[in-house]
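Letter by letter, the chains look like this.
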Amino acid sequence: MTTAQAEALDERAARAVVVREAWAVGIATAAYGISFGALAVAAGLDVWQACFLSLVMFTGGSQYALVGVLASGGVAAGPTAIASAALLGSRNAIYGMRMASVLGGRWWTRLAAAWGTIDESTAVALAQPTAHLRRVGFWVTAAVIFVGWNLTTLIGALIGDALGDPRVYGLDAAAAAAFLALLWPRLKRVQASAVAVAAALVATMLTPVLMPGLPVLVAALVAVIVGAFNWLGREERA
Amino acid sequence: MTMWQIVIAASIACVAMKMAGYLVPPRVLQNPAVSRIAELLTVALLAALIGVQTFAHGQEVVLDARVPAVIVAAGLLALRAPFIVVVIAAALVAAGIRALL
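For the record, the sequence lines run as chains G and W.
Those letters in the first sequence? Residues 2 to 239, per this note's numbering, in order.
Those letters in the second sequence? Residues 1192 to 1292, per this note's numbering, in order.
Misleading hints may appear alongside valid ones.
[To be verified] List of simulated lysine to any residue pairs, SDA-like, C-alpha gap at most 20 Å:
hint: 1; chain 1: G; residue 1: 189; chain 2: W; residue 2: 1196
hint: 2; chain 1: G; residue 1: 189; chain 2: G; residue 2: 234
hint: 3; chain 1: G; residue 1: 189; chain 2: G; residue 2: 120
hint: 4; chain 1: G; residue 1: 189; chain 2: W; residue 2: 1200
hint: 5; chain 1: G; residue 1: 189; chain 2: G; residue 2: 233
hint: 6; chain 1: G; residue 1: 189; chain 2: W; residue 2: 1270
hint: 7; chain 1: G; residue 1: 189; chain 2: G; residue 2: 127
hint: 8; chain 1: G; residue 1: 189; chain 2: G; residue 2: 128
hint: 9; chain 1: G; residue 1: 189; chain 2: W; residue 2: 1265
hint: 10; chain 1: G; residue 1: 189; chain 2: W; residue 2: 1290
hint: 11; chain 1: G; residue 1: 189; chain 2: W; residue 2: 1274
hint: 12; chain 1: G; residue 1: 189; chain 2: W; residue 2: 1292
hint: 13; chain 1: G; residue 1: 189; chain 2: W; residue 2: 1266
hint: 14; chain 1: G; residue 1: 189; chain 2: G; residue 2: 124
hint: 15; chain 1: G; residue 1: 189; chain 2: W; residue 2: 1286
hint: 16; chain 1: G; residue 1: 189; chain 2: W; residue 2: 1223
hint: 17; chain 1: G; residue 1: 189; chain 2: G; residue 2: 199
hint: 18; chain 1: G; residue 1: 189; chain 2: W; residue 2: 1272
hint: 19; chain 1: G; residue 1: 189; chain 2: G; residue 2: 235
hint: 20; chain 1: G; residue 1: 189; chain 2: G; residue 2: 130
hint: 21; chain 1: G; residue 1: 189; chain 2: W; residue 2: 1262
hint: 22; chain 1: G; residue 1: 189; chain 2: G; residue 2: 231
hint: 23; chain 1: G; residue 1: 189; chain 2: W; residue 2: 1206
hint: 24; chain 1: G; residue 1: 189; chain 2: W; residue 2: 1224
hint: 25; chain 1: G; residue 1: 189; chain 2: G; residue 2: 232
hint: 26; chain 1: G; residue 1: 189; chain 2: W; residue 2: 1289
hint: 27; chain 1: G; residue 1: 189; chain 2: W; residue 2: 1227
Calculated directly from the structure, the hints in this document are not laboratory data.
For reference, chain G alone in the conformation it holds in the complex (with noise of 0.2 Å):
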């Protein structure tokens, strides 16, 4: 076998491995997309709303936290509703500079592009070593989630609509848990963590003053001040 040859299979292998990886987690994530369509429909959207929000927001956090305030606040939340989801969107601008050199290409590839920005996309992307292999896990990570979290949004809205009040199904306390678990990967470090229990704090104790959605907003200071300060980072010289 002659060195190009060898290195054309190492290159098929390789590719294999990222497709595999890029299914595993498009699955596993576009499966918790019944929780979002059940969620969705208890706080008062209708199933084509719903349905809406996964084919074009697309960006499972936003999408939780848009359902979260509209369940507590109502559509007098509204305007909260919509700061939340586009700061917890804010995420994927900055995955979006990560990926634009990796991606470029025509308007219509870097629409797209845009689109599937997501935290598993560009994760499966960004854990690749080449650049050849950062876009296919890129492309098959979105294009499956994409499918499959439209599908099972459906899926979820319509059992949420059959099942009546959402409380007794305690739905109200996996839309918590299912916060929980996009937080707690991003706690490895001491400010991260110092951070998601000050906001915790701050957005409860505002509850019973503040109208529906805004203590969460105001709790997003936290990370504006301790961030700008860089206070418990660490140590990072010029």
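Fit chain W to the given chain G structure using the hints.
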């Protein structure tokens, strides 16, 4: 606002965030404060949502079946249980306690 207006406005805002990442010059990311705040913002918002989703009942702060459910969820996450298991277990704990009380 109607529910549709909220759904559409929030979707546009989130898609705009995604697009912004592909339009902004990569220099911005090199500012350590910007990337630090962006990461901590996600942490703070998720934590705040956990607090509200666990303790708020309308504008009241209450201790109910959601608290043990979230504690069970945390335990399962510490044991590296998959997302869907964590979410279903929390729902079962809360539903079980409510059915018994």
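Evaluation of the provided hints:
no. : hint             : result
1   : 189(G) - 1196(W) : violated, 38 Å
2   : 189(G) - 234(G)  : holds, 12 Å
3   : 189(G) - 120(G)  : holds, 16 Å
4   : 189(G) - 1200(W) : violated, 34 Å
5   : 189(G) - 233(G)  : holds, 13 Å
6   : 189(G) - 1270(W) : holds, 15 Å
7   : 189(G) - 127(G)  : holds, 18 Å
8   : 189(G) - 128(G)  : holds, 18 Å
9   : 189(G) - 1265(W) : holds, 15 Å
10  : 189(G) - 1290(W) : violated, 36 Å
11  : 189(G) - 1274(W) : holds, 18 Å
12  : 189(G) - 1292(W) : violated, 37 Å
13  : 189(G) - 1266(W) : holds, 16 Å
14  : 189(G) - 124(G)  : holds, 16 Å
15  : 189(G) - 1286(W) : violated, 31 Å
16  : 189(G) - 1223(W) : holds, 18 Å
17  : 189(G) - 199(G)  : holds, 16 Å
18  : 189(G) - 1272(W) : holds, 17 Å
19  : 189(G) - 235(G)  : holds, 13 Å
20  : 189(G) - 130(G)  : violated, 23 Å
21  : 189(G) - 1262(W) : holds, 19 Å
22  : 189(G) - 231(G)  : holds, 16 Å
23  : 189(G) - 1206(W) : violated, 28 Å
24  : 189(G) - 1224(W) : holds, 18 Å
25  : 189(G) - 232(G)  : holds, 16 Å
26  : 189(G) - 1289(W) : violated, 34 Å
27  : 189(G) - 1227(W) : holds, 14 Å
Hints 1, 4, 10, 12, 15, 20, 23, 26 from the earlier list are contradicted by this structure; the remaining hints agree with it.
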